[in-house]
Amino acid sequence: MNKTELVNSIAEKTGITKIKAKNITDAFIETVIESLKKGDKVTLVGFGTFSVIERNPRNGINPRTGKKIFIPGKKVAKFKIGAELTNL
Numbered sequence: 001m002n003k004t005e006l007v008n009s010i011a012e013k014t015g016i017t018k019i020k021a022k023n024i025t026d027a028f029i030e031t032v033i034e035s036l037k038k039g040d041k042v043t044l045v046g047f048g049t050f051s052v053i054e055r056n057p058r059n060g061i062n063p064r065t066g067k068k069i070f071i072p073g074k075k076v077a078k079f080k081i082g083a084e085l086t087n088l
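Counting with the numbering used here, you get residues 1 to 88 for the letters of the sequence shown.
Some clues are possibly wrong.
[As the list claims (entries may be wrong)] 20 Å max Cα-Cα, derived PhoX-like pairs, lysine-lysine:
#1 Lys38 - Lys22
#2 Lys18 - Lys37
#3 Lys74 - Lys37
#4 Lys78 - Lys41
#5 Lys41 - Lys75
#6 Lys13 - Lys38
#7 Lys75 - Lys37
#8 Lys18 - Lys41
#9 Lys38 - Lys3
#10 Lys78 - Lys37
#11 Lys18 - Lys78
#12 Lys80 - Lys37
#13 Lys38 - Lys78
Note that these hints are calculated values from the structure, not bench results.
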């Protein structure tokens, strides 16, 4: 399912227009991103938890050349599924 299909499904299930459903979906995504940038977790009980983790810097190998490279550390988003999604 892509974003357009999600918006269409939300509009159909709630009886609102597709434009309103798109605005709600965009607001949800924007809010999650803003919270993660602040370092906060976003927990949706039964669905899952969005959080930010810090990846440590490490050494790697360029698969094309075989040369060793340094991969710097960075912060990345993580999603842990909730209990209702564990047994699909």
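Results for each hint:
{"no.": "1", "hint": "Lys38 - Lys22", "verdict": "24 Å, violated"}
{"no.": "2", "hint": "Lys18 - Lys37", "verdict": "28 Å, violated"}
{"no.": "3", "hint": "Lys74 - Lys37", "verdict": "13 Å, holds"}
{"no.": "4", "hint": "Lys78 - Lys41", "verdict": "10 Å, holds"}
{"no.": "5", "hint": "Lys41 - Lys75", "verdict": "14 Å, holds"}
{"no.": "6", "hint": "Lys13 - Lys38", "verdict": "32 Å, violated"}
{"no.": "7", "hint": "Lys75 - Lys37", "verdict": "9 Å, holds"}
{"no.": "8", "hint": "Lys18 - Lys41", "verdict": "29 Å, violated"}
{"no.": "9", "hint": "Lys38 - Lys3", "verdict": "25 Å, violated"}
{"no.": "10", "hint": "Lys78 - Lys37", "verdict": "12 Å, holds"}
{"no.": "11", "hint": "Lys18 - Lys78", "verdict": "29 Å, violated"}
{"no.": "12", "hint": "Lys80 - Lys37", "verdict": "17 Å, holds"}
{"no.": "13", "hint": "Lys38 - Lys78", "verdict": "14 Å, holds"}
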